[in-house]
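If you read the sequences in order, they're chains A and B. Residue numbering for the first sequence follows our numbering, beginning at 1 and increasing consecutively. Residue numbering for the second sequence follows our numbering, beginning at 1 and increasing consecutively.
Just so you know, not all the hints are guaranteed correct.
[Claimed, not checked] Below, simulated EDC-like cross-link-like pairs (lysine to aspartate or glutamate); rule was C-alpha separation at most 16 Å, straight line: (1) B:Lys15 to B:Glu3; (2) B:Lys179 to B:Asp118; (3) A:Lys2 to B:Glu33; (4) B:Lys80 to B:Glu51; (5) A:Lys2 to B:Glu3; (6) B:Lys15 to B:Glu33.
[Unchecked claim] Derived contacts from chain B toward chain A, CB cut-off under 7 Å, selection only: (7) Gly50; (8) Arg60; (9) Val61; (10) Gln75; (11) Pro273.
These are calculated hints, taken from the structure and not from any lab test. This structure is a prediction, so every number in the text was calculated from the model and none was measured. Yeah, the Cβ is synthetic: ideal placement off N, Cα and C, and Gly gets one too.
Here is how the chains run, residue by residue.
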Amino acid sequence: MKSVPLKVVRNQEIAEETYEMTLSGELVQEMNRPGTFLHIKIPGSHHVLRRPISIASVNQELGTCTLVYKCTGEGTRALTNVRPNDCLQVLGPLGGQGFPTEEPSTDQEVTLIGGGVGVPPIYFAARRLSERNIPFRVILGFQNEAAVFYEEAFKQLQATDVTIMTDDGSYGEKGTVIDAFLKHDQPSSYIYTCGPRGMLKAVKAAAHPDTRVYVSLEEHMGCGIGACFACVCKTEDETSYVKICTDGPVFQSNEVLL
Amino acid sequence: MSERLAVNLPGLTMKNPIMPASGCFGFGREFSELYDLSLLGAIAIKGTTGEQRFGNNTPRVAESPSGMLNSIGLQNPGAKSVRDNELPFLEQFDVPILANVSGSSPEEYVNVVKTLNDASNVGAFEVNISCPNVKTGGIQFGTDPEQAAMLTSLIKEATNKPVYVKLSPNVTDITAIAKAVERAGADGLSLINTLIGMRFDWRTKKPILANEKGGLSGPAIKPVALRMVYDVRQVTDLPIIGMGGIESAKDVIEFLIAGADAVAVGTANFTNPFACLEIIDELPTWLDQLNASQVSELQRRGVVL
Ligand SMILES: Cc1cc2nc3c(=O)[nH]c(=O)nc-3n(C[C@H](O)[C@H](O)[C@H](O)COP(=O)(O)OP(=O)(O)OC[C@H]3O[C@@H](n4cnc5c(N)ncnc54)[C@H](O)[C@@H]3O)c2cc1C
Ligand SMILES: Cc1cc2nc3c(=O)[nH]c(=O)nc-3n(C[C@H](O)[C@H](O)[C@H](O)COP(=O)(O)O)c2cc1C
Ligand code: FES
Numbered sequence: 001m002k003s004v005p006l007k008v009v010r011n012q013e014i015a016e017e018t019y020e021m022t023l024s025g026e027l028v029q030e031m032n033r034p035g036t037f038l039h040i041k042i043p044g045s046h047h048v049l050r051r052p053i054s055i056a057s058v059n060q061e062l063g064t065c066t067l068v069y070k071c072t073g074e075g076t077r078a079l080t081n082v083r084p085n086d087c088l089q090v091l092g093p094l095g096g097q098g099f100p101t102e103e104p105s106t107d108q109e110v111t112l113i114g115g116g117v118g119v120p121p122i123y124f125a126a127r128r129l130s131e132r133n134i135p136f137r138v139i140l141g142f143q144n145e146a147a148v149f150y151e152e153a154f155k156q157l158q159a160t161d162v163t164i165m166t167d168d169g170s171y172g173e174k175g176t177v178i179d180a181f182l183k184h185d186q187p188s189s190y191i192y193t194c195g196p197r198g199m200l201k202a203v204k205a206a207a208h209p210d211t212r213v214y215v216s217l218e219e220h221m222g223c224g225i226g227a228c229f230a231c232v233c234k235t236e237d238e239t240s241y242v243k244i245c246t247d248g249p250v251f252q253s254n255e256v257l258l
Numbered sequence: 001m002s003e004r005l006a007v008n009l010p011g012l013t014m015k016n017p018i019m020p021a022s023g024c025f026g027f028g029r030e031f032s033e034l035y036d037l038s039l040l041g042a043i044a045i046k047g048t049t050g051e052q053r054f055g056n057n058t059p060r061v062a063e064s065p066s067g068m069l070n071s072i073g074l075q076n077p078g079a080k081s082v083r084d085n086e087l088p089f090l091e092q093f094d095v096p097i098l099a100n101v102s103g104s105s106p107e108e109y110v111n112v113v114k115t116l117n118d119a120s121n122v123g124a125f126e127v128n129i130s131c132p133n134v135k136t137g138g139i140q141f142g143t144d145p146e147q148a149a150m151l152t153s154l155i156k157e158a159t160n161k162p163v164y165v166k167l168s169p170n171v172t173d174i175t176a177i178a179k180a181v182e183r184a185g186a187d188g189l190s191l192i193n194t195l196i197g198m199r200f201d202w203r204t205k206k207p208i209l210a211n212e213k214g215g216l217s218g219p220a221i222k223p224v225a226l227r228m229v230y231d232v233r234q235v236t237d238l239p240i241i242g243m244g245g246i247e248s249a250k251d252v253i254e255f256l257i258a259g260a261d262a263v264a265v266g267t268a269n270f271t272n273p274f275a276c277l278e279i280i281d282e283l284p285t286w287l288d289q290l291n292a293s294q295v296s297e298l299q300r301r302g303v304v305l
């Protein structure tokens, strides 16, 4: 973990209000676990809090990493104005636990389920699984056609299947990722999922009891490094708390109260 | 050079006037992975209560221009665990600890002070009578001069270590509280804690914080903090640890001019985890500009403005 400037290589809209940003710098060498994230300082003096954004992919040959972020508020709006060759102050990579892409063996299957801007860390996991020749299926949920991104990218990774669901049916199939998930009756060994809390809950409830489900959680953060107790989540038995920034952001679904 | 920055306060022999503020630095573990904590003047550790506390629901932080709201709700592992697990970890660093104490009742405050009293690296206590984020305790001791004084004298009886009282800005007259705790035996004052505020999500029409209200900190509160340090300096000679929105060495100079003897840096640690170190590095240049050979020459200017 370091706090350093990274140079912006690219920052482009790839779907409605959704931007892909590529950064370069030495810090990229430390980025190797899907599910981990960067804590990004918003340029200017207005914003005292950094923004946590997942690493969507890294290219170690080029020394670059790519993020995908949705413009949802003032800070991410300011990020859209960043231009190539600008520098961003980045703290990271953060997170003590990512998706365990080293665990599955080639005779097991992983189901990847992403909702909206929960898709980026899922994509990083897919790249790792693909490198290891682990079979995986992908279910992505978006609001509508305009919001869809990375469908092609997942297909290029030789996913067994890529299903796109939209809330309004304007692209792929109409419905939720759970609708798509329930249609497939062969339970997989693992599920990796990231998206809104309600979706994670539904995935957990729908999963086969033998499937190991890993969820990536989001919460408003202060420090991002475990010092401020802003980002806590109750454990499933409600006797204790975990810190999402350092104990997660990825947890096995029975570790946390969703 | 280190001599130039040195500051001596009751219980705290500081290499420089900079300490991270309570609640913004945990118990130092995380930041110790970023830099050597021995470089700091002191460390104010997270507010500690008698028993473990889990705090409020999330979201616990929200942003506002040049500031943030927090409603952590004093989550901490409890005094015994702080004594047995956190303070021993900090022993490896050559830095005095200001142990921040909270509670729902005078008995709880006293119990925490007694539990932490024998830790050799605790140089002094900082009594938080100003936490806006817990329903019982904290704030009512900070808004009524009599209660503040009563609590201060009880704590003074429980320890031989210096006691700093951390004042709330959520009062009409902060000098009345300052005078009351001074009379009750306080050895120093810390100010300011956060200002109570709110933000709403325009989409859901609900408060952003699960706790609805939270404490505002960061550069947005700096002028308020400077005014309060200044006002309190007019009525007391007690050492003052000033805080509220400090981000740079220049901000530190402003607090010293207003009447502070040392400062604490809170929110800036989130914006830039190296904030405290960078401020310490920049201070000598600022002393040069002011033709001051030592930080101590700048202290207490407030009284003679
Ligand atoms: C570990 C982690 C990984 C994430 N990865 C991505 C990603 O890859 N792509 C992406 O688009 N988004 C991601 N998010 C969500 C992203 O951090 C928020 O959308 C973003 O911080 C909102 O900032 P803003 O300036 O748009 O909104 P504002 O409303 O201006 O933000 C105000 C404050 O609230 C916080 N906040 C608001 N919404 C969220 C949220 N959903 N989660 C956390 N903090 C929030 C902000 O960080 C900021 O401190 C991730 C969140 C976490 C915790
Ligand atoms: C996340 C957070 C947690 C805090 N927790 C405590 C606490 O436990 N005890 C306390 O006395 N003050 C606490 N404070 C207040 C700070 O110590 C400080 O008084 C205040 O934030 C103003 O300084 P700043 O503007 O530099 O942050 C907390 C502040 C923040 C932002
Ligand atoms: S964001 Fe500070 S503890 Fe997680």
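Here is what the structure says about each hint:
no., hint, result
1, B:Lys15 to B:Glu3, "7 Å, holds"
2, B:Lys179 to B:Asp118, "29 Å, violated"
3, A:Lys2 to B:Glu33, "10 Å, holds"
4, B:Lys80 to B:Glu51, "8 Å, holds"
5, A:Lys2 to B:Glu3, "30 Å, violated"
6, B:Lys15 to B:Glu33, "21 Å, violated"
7, Gly50, "18 Å, violated"
8, Arg60, "5 Å, holds"
9, Val61, "5 Å, holds"
10, Gln75, "4 Å, holds"
11, Pro273, "6 Å, holds"
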